[in-house]
Amino acid sequence: MKKMALVLCIAMTAAMVTGCSKNTDSVAAKQGNKEVLNPIRIWHDGDKAMIQLMEDHLNQALSDDGITVKFEQKSGLTDQIKLYGSDEVNGPDLYMYAHDSLGMFVEMGALAPITDVIDKNVYADMLPMTMKAGNYKDAQYLMPVYFETLLFIYNKDLWEGEVPSTTEELYSYMKNHTDATAGTYALVNQHSTAYNVAPLINGFGGFIINEQAKPGLNDKKTMEAIEYNKKFAELEADGDYNTVNALFKDGKAAAIIGGPWLISGVKEAKINYGIKSLCDFKLPNGNALVPYSGVQGVGVMKHAAETKKEAVEKVLKEIADPQLGIDLAENSRCAPANQKSYENPTVSKDEMIAAMRKTADIAQPMPNIPQMSVMWGPTESLLAAVNKSGKELNNVADEYQKQAETAIADMQ
Amino acid sequence: MNKKNKILPWEYSFPSIMLIGLIVVFPIIYTIYISFTNMNLYHWTDYEFIAFDNYRRALTKLDSGFMSALLTTIIWTVLNMVIQILAAYLIALGLNAKGLKLARLYKTLLMFPWAMPAYISILLWRVGIFNPQYGLLNKIRSALGFSSMDYLSENIPAFISCMVLNLWMALPFLIMMMDGALQSVDNSYYESARLDGGGWWAQNLYITIPSIKPILAPSIIMTTFTTFKQFDIIYLLTMQKGSLTGATLQTVITYAHQNAFVSNNYGLSSAVSIVIFGFIILFSLFVNRGIREEHV
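Just so you know, the protein sequences line up as chains G and S, in that order. Reminder that position 127 of the first sequence reads as 127 in the working numbering, one-by-one numbering, no gaps. Reminder that position 99 of the second sequence reads as 99 in the working numbering, one-by-one numbering, no gaps.
Hint data in this document are derived by calculation from the structure and do not stem from the laboratory. Glycine is no exception: its CB is placed at the ideal position from the N, C-alpha and C atoms. Worth double-checking, as some hints may not be accurate.
Claimed, not checked - Using C-beta positions, here's what the derived DEER-type ranges look like: (1) 242/G x 31/S: 28 to 38 Å; (2) 390/G x 278/S: 48 to 58 Å; (3) 75/S x 398/G: 43 to 53 Å.
What the hints assert, rightly or not - Only pairs whose alpha carbons sit at most 27 Å apart, straight line, appear in this in silico DSSO-like list of lysine-lysine: (4) 82/G x 221/G; (5) 61/S x 402/G; (6) 82/G x 139/S; (7) 61/S x 391/G; (8) 61/S x 214/G; (9) 241/S x 252/G; (10) 139/S x 402/G; (11) 221/G x 139/S; (12) 241/S x 48/G; (13) 241/S x 231/G; (14) 241/S x 391/G; (15) 139/S x 175/G; (16) 230/G x 229/S; (17) 214/G x 139/S; (18) 249/G x 139/S; (19) 241/S x 220/G; (20) 139/S x 231/G; (21) 61/S x 74/G; (22) 241/S x 249/G.
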């Protein structure tokens, strides 16, 4: 009995220790046959229906080549790629994600430029903005699929007259149509969220962080934009994501600045909505609002570029197919990265997609340098201090600029 | 005990020791190891030993806000614990009052905040109670003719709001412990006290509190540590990414999170963690010594 107990103890310990071991042998080296190229695994954290559509499209198109593509949803994709990005056995071959994490993955050494596997002609038809988003240190790392920008979404039943074309007219309208005591607003916006204030900052010629990774929170033009945003913030309710959405869906706000991700909820709330591109609003300096754009693109892991080059090349070519963009636009209302997709009348006539396409000519891709990941905190702290705590911008801008510089220095 | 009998218990408990080692000890040792390297985004796989560089930087950081975060944490812990112990004691006394009807129902209802997942509770309070547009507090204010107020935009109201929520979430545990402890006190002590003319105060001071103190000590220590390292409430109420409220409250743990873990510099983050770990160990030694002296 005692011996049996001891044997069990040893077996449990051995199982525990070996369970933690990692298989690092290359699958290709282990099996030495062509089958190991399948499936091409793409990690993502996107919408299930949309990803299923992409998977079906790719598998149908690549069936003659004997290539199978398998999308795998991963929550916390950034952390997963940090852990498994360079792991040929347990990690993905490709990944599909927003472009702003690109610099981080490249610096970690997980990605290969897509030009290692495909010719530049493959992505010649992509919108320049989407290509810029996937470019890091002069190398192209992402094949863009679709993009998103902020929009001016309004309730046609509540909005009186035409939607203005300047921010000053918009402000006058807000002053005349906002009654905070009664809980009704002309426009709501996440006024202390960096992404939502970026259209003003960029429009004023300021910046949150520039290409040389210098924070611009105390830059004169950034400060002008933040000060200008403040007068709007006073009429835009709390600015919290849940609050502004609820106000718009409850019919207590006539308009909202938000992304295409809001539309399904707006439809469910049976709001008779209209959409206007943010670049149709002119600032007092004559410039248009310049929102950030977020581009969803596909990147190639270094190991896949070496061991599965042919298969990856074919997959990327199919991803660049304008028909995939059309399918995504028709089924999921995504704004395709491929300009040719807009030749399809269903795509070009979709009000929301058309507004985003228009904005794409002027929108700035979110910075994709790794330092951007530590800029959201100080920027939003500065915005909250000014808009919510009533702090004087001149007194706090330097403090948060210093905080941002420290955060960037801490990365090294 | 012969040699075989001395070894045998170790052999039986070896898997458990291994498991504890892997889950508890290994991460601590690994964190210490990482803290001596330059492991960060730019040296993800090719990191090197850099001796005490990260500790030098971590200690420099202590000047820039750590001490005020530590002070806030101490005030937070002391205030919460004093109020919690007093409130839980009074409520537990009430629940044990003779003749109280539906006592079990009240006890079940009081457990509710404790049973709810913390994340849900905090978001419910954030939107349902404190929100300037939809919150209950502002609904009451506007019904009384006052203007709306943002309870989370300034440090002092935000601190009080966080404390109220912490009390709501943490009180049930102490009430349950005190309720159990109160039921273990022999009724004959109270009968004797009453015969000797002892009133409510005397009974509480000389019978109830001394009787329940040894039973409650572990629960109070546990709650003190939970309060000291509270993160969820302050983070989710005031500093959640994309929903900052304007308050700049920092406790030791939120400070560590903000200054170390968003940077992807694992070497520096580990060094900051180890320094904070040291502070918590010192705090625990201080608390344990206080309790031991009281027992002596």
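Hint by hint, which ones does this structure get wrong, listed from lowest number up? 2, 3, 4, 6, 10, 11, 16, 17 and 21
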